[in-house]
Structure formats: structure tokens, C-alpha cells
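Asks: Construct the entire structure; sequences and hints are all you get.
Top to bottom, those sequences are chains C and S. Note that the numbering used here gives residue 263 to position 189 of the first sequence, counting from 1, and the numbers run on in steps of one. Note that the numbering used here gives residue 126 to position 52 of the second sequence, counting from 1, and the numbers run on in steps of one.
Since the hints were derived computationally from the structure, they do not count as laboratory data.
All copies of an identical chain are treated as equivalent in the list; a pair is satisfied when it fits inside any one copy or across any two copies.
No farther apart than 20 angstroms at their CA atoms in a straight line, the calculated lysine to aspartate or glutamate pairs in the DMTMM-like style are these:
#1 Lys-335 / Glu-345
#2 Lys-353 / Asp-196
#3 Lys-349 / Asp-306
#4 Lys-350 / Asp-306
#5 Lys-287 / Asp-196
#6 Lys-335 / Glu-367
#7 Lys-210 / Glu-155
#8 Lys-366 / Asp-129
Chain residues, written in single-letter form:
There are 2 protein chains.
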Amino acid sequence: MNTNLTPYALAIHGGAGTILPQHLTPELEIEYLNGLKNALLAGKTILENNGTAIDAVNAAIVWLEDCPLFNAGKGSVYTHEGGHEMDACIMDGATLASGAVTGVQGVRNPIRAAREVMLHSDHILLAGKGAEDFCKSRKVPFAPEGYFGTAFRMSQYREALMTDTIALDHSITKFNKPGFGEGNKFGTVGAVARDVFGNLAAGTSTGGMTNKKYGRVGDSPIVGAGTYANNDSCAVSCTGHGEVFITNAVAFDVHALMNYKGLSLEDAANEVIMKKLAKSDPESGGLIALGKEGQPVQVFNTAGMYRAWLGVDGSVNCRIYQ
Amino acid sequence: MNTNLTPYALAIHGGAGTILPQHLTPELEIEYLNGLKNALLAGKTILENNGTAIDAVNAAIVWLEDCPLFNAGKGSVYTHEGGHEMDACIMDGATLASGAVTGVQGVRNPIRAAREVMLHSDHILLAGKGAEDFCKSRKVPFAPEGYFGTAFRMSQYREALMTDTIALDHSITKFNKPGFGEGNKFGTVGAVARDVFGNLAAGTSTGGMTNKKYGRVGDSPIVGAGTYANNDSCAVSCTGHGEVFITNAVAFDVHALMNYKGLSLEDAANEVIMKKLAKSDPESGGLIALGKEGQPVQVFNTAGMYRAWLGVDGSVNCRIYQ
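Replies: Okay, here's the thing in C-alpha cells:
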């Protein structure tokens, strides 16, 4: 490992989309940057005390889930029925163990639920009420439905409902116009970490799409699509148009391009996000990733991605735009 | 394309597992072989009349779902709650479009539901009641709960419940001992097809695991894990220990090994099933696959896999054991 680097690394994201300076007031921009910084520091504290990559990913995502600005946990968008159905996934690059939940309601921190599935279940992905029952059996904290909503999300929901009433179709773009400070099409949070033991981990959490119907499952809770970690190659957390990420098995493909074609992490991430995905959807999203060594990679084909990472000297870096 | 071949190709499977001659009476063996043959012929009829690969996959899987011998549609295993929660996925190798459902109850042919999602939704994967609502909106046929059960599945369920009561844990192996004629650990059906236009398609359908709890989602409905099709490389349908197939993104990995390392379909399938998966679980399952040309490939690390395929002369071949 390069001795100029801290012995650990961490990066997080808070979603990608058509985030442009004119969409954010200066005050809101500061709020977002502070949110990212605090989430990063929550993970850094774990790593600098020789904690595990899994613990750091968990801590950073719990912070982002608790922050109402991001579409995960508190601040999750409303479903068509006016509730909150959340997804999360976590994966340990050392063991390839993973856990995930989809469509859970009332679980305060879905990433904790995913971790419980990883640690205390023979399964990887649990859905809906069954997943909630599992969480209860493991004493994963729940919160009342009102905890998750915010006035801003309610306004998005009302607008989406009205649009839907008129349009009577379910196109993704229609419900997600920019201008709310979040490029809210791809609201997701995620983290990737490398600990002092050299182990990698990745996690992703999301409240899904505003006004989503029919129990839609995106890429976030799917190992190999939105989330993947393998000590042999990389840890990846994605954010974007979930269907495009599922079709292209984005997170696993970064790993495959590194392992089979010998690409660097940066080249592999660029190949997938900037070349392959552009064929389906030129503004489909992005990812953060970490390799066995070196700094985090951030690649996105959208106008912006909320993101933060530790510099080689352990410093905090937060960015929103390209 | 090799002119010795029919201009189309088709293969199906009915699950893999510890299927040994001593587990099947001669009468039951004939029933299984007849079931496979008829499903294959249902798909062949489509292909020889210049139908599409997607239609052939759909037709073969509908037949397997309707046959009570296989764990999909009618004949699906019982969940812990005594119901049937089914998963299915279909993918079009020409367009990379796909559709899938998980945890649906009462849908007579889950593969039809998956196809409706592919054709008439902006999404790929729909779960639970939301998926059922979508099916109703698309007039996908439903059947009463009693339609799906069989006396044999009920006996498996009762035994699993009793074991569970004693063991109070949720290990996968405990509920699935061999001896029921199905190596029932990995009850799944699937099909891969190449049509006269050179397009590939793949589909998979399953009733899941006997006594399954907590809304567990296996690999079958996950694009890139249990099902994948891409005209650039191959069409793949898997059957096995779902969690191992998700972790290894098996179906996509076959594609990646072909595209990035230049492996043949057969070598890629062997690399994944016989080498990689063996590290996690030496008897984890198998797959059927088709390339842009040539005959189907069948690879499994279990004692048996119910399977059938068209020979180069269009003949029907059915096998159970290695």
C-alpha cells in the first residue's frame, strides 16, 4: 500500500441526478455539505479506531438515513399509497457475506436491518412484511410512520400524485423533475470503506421513488447491481436509474472488468458508467468505489452527485457538482 | 451458423439437487421425463413456426408451471405460513429488456406475470402485493390458493414444520432432505431459447423453498443472478442454492467471462458452476445456457438436474442424472 495514504479509506454518496447550482439556495447547499461531512466523520471515527469496514459503512449510512435531507430512512420519499417502503443492502468484501431488505416499512435504519440479515440469517434478501417480521425477531429498532416523512417529501408526493392523475402512466421521469435541491430522480445513499486490516465493504440504502407503485424493487438492495464488495477487487455503491443498473449488473461488472480484463478501478467504473450505461440512459446515475489501495473513485454521468471522501491525509472532501 | 444445426435451439430445466436413481420409482422417472419432453415440445412448436425466443421460453415455462411435478406454479412448495409465494423472471437478449416478480400469491403462471412486467412496466422487479396488483391491472390470470398445492408438497411442508418446531432454526439444508424424487432443495424451472432470427431469451420460475419465511427472495427473479440473456454472448437460467447464486452473480458472470476473457460458453459455465461455486457450496446447483450458435450447455455440481434439450436434428433429449 502507498505509504502516503492513511491506512484506511472511506467514501459516501447521497444520490446523483440533475443537481445544478440554480437548484440549491446557498443555505441548502451548506446543509447538504454539512450532512455529508458529518456522515463521513461518523464512518471515519470507526476506521481511525481500527474498526471494521462493515462498521464504518454502517455508521456512515445510519447517519445519512437519520438526516432528513437524503432519501433513505428519515426523509424517504412517499409511495403511491402515502407510506414509505425502503430498501438497503450491505456486503462484506472479506467474506462475500451480504444482507439486504426491500420494501420494508417502519424500520428506522434499513441498513441495520440489512446487516442483521447478513449476520443472523441464511438468506441474503428479505422482502416486505416477512423482512419486517425478521427485523422484529432481531429487535431491529422501528419508528412510527410519521417519523419518516418530511414536509418537503410530502410536497413532492402531492405533486407526483397530481401529475399521475393527469398522465395516468408510470414513467419515471414524469414524477421527478429537478428543482428540489436533490435531483431527486435518484435519491439513494451509500458508503464504501477499507479498514486498517485491508478489508473492503459497501452499503446502499434508499427510500425509492416518489409515488412508486406495485412494490417496485430497484438496484440498491440487489447484490451485484447497486451494491458489491470483494477484497479481490473493489467495493461499490451505486445511485441511479435502478432498472438500468439492474440490467447492467453495474457493481459486479466493475469487479468483473477489473478481474477479467485487468482494468484499473477508475477505468472499470468509467467504462460502465460513462460508456455502457450511456447507451440505455445518458443521465442514468453514478457510483462510488474503493479498491484494495488508493483513493476512492467517483464517477457519474449526471449533472451532480452528493458525495464526500477522505483525502490521502485523512481530510474531509465534500462535493455536489461535476 | 453451423448448417448442421436447426436454425433454432431450446433447452429447459426442472431443478437440480441430490437426485439419485434410488429416489425415483421407475413410474415417477417416466412421469418426470414425460413432463420435460412435453414442456420442450411446447417451446419447440413456437420456434419451428418462426416464433420468438421469448415466446418459446414463455411457452415451455408455462408448461412446467402447470405440471404439478415441478416446484413452480402448480406444485409450488408451501411457505411457513402454508401458502405459496412464487418468483419468476424473463429476459430478452435482443433488447436486454427484462421483467420479474417475487413473492406473488395466486398468480397462475408467474412467468406470464414477469413477461407483463417486461412489456408493460417501466420497472424490472415487482414484489408481493404490489406485483399482484400490477398483474390484476394487466389481467394476468389468477387461480385460487388450492390450485397450487399438491398432496406431495403438503407432506414436505408438514415434515419441514415438524423439523422446524424441533430445531428452531432456519438452516436451508434441514428442510430439504433428498428422497422425494426431486432433490427438492433446488426446485426451480427454467428455459433458454434461440429463435430463427438469432435472438436469445432466458426465463426462470420457482415456488421457492419449503417452509420459507421472512419473504426470502432467491436468485431466480434477479437479473444477472438466476436469469440473464444477451445476444452478444448467451442466455442462462440457473437452479440452485439461491444465496450462492446471488453472491456470485452467476448468470451475468457467465456472460462476463465470455465477453471479457474470451471463454467459450461451456468453459465459462464450467468455470462458474464447477470451480467458483464449489468454494461456497460444493453441491450448489447448475445452469442451462445457449450461445449465439451451437447446442445448449448444461452444467451442474449436484447429483442430478432435470433437463431436456433439442438435438442438432431437432430431436428431443431428456436426462435426470449426471
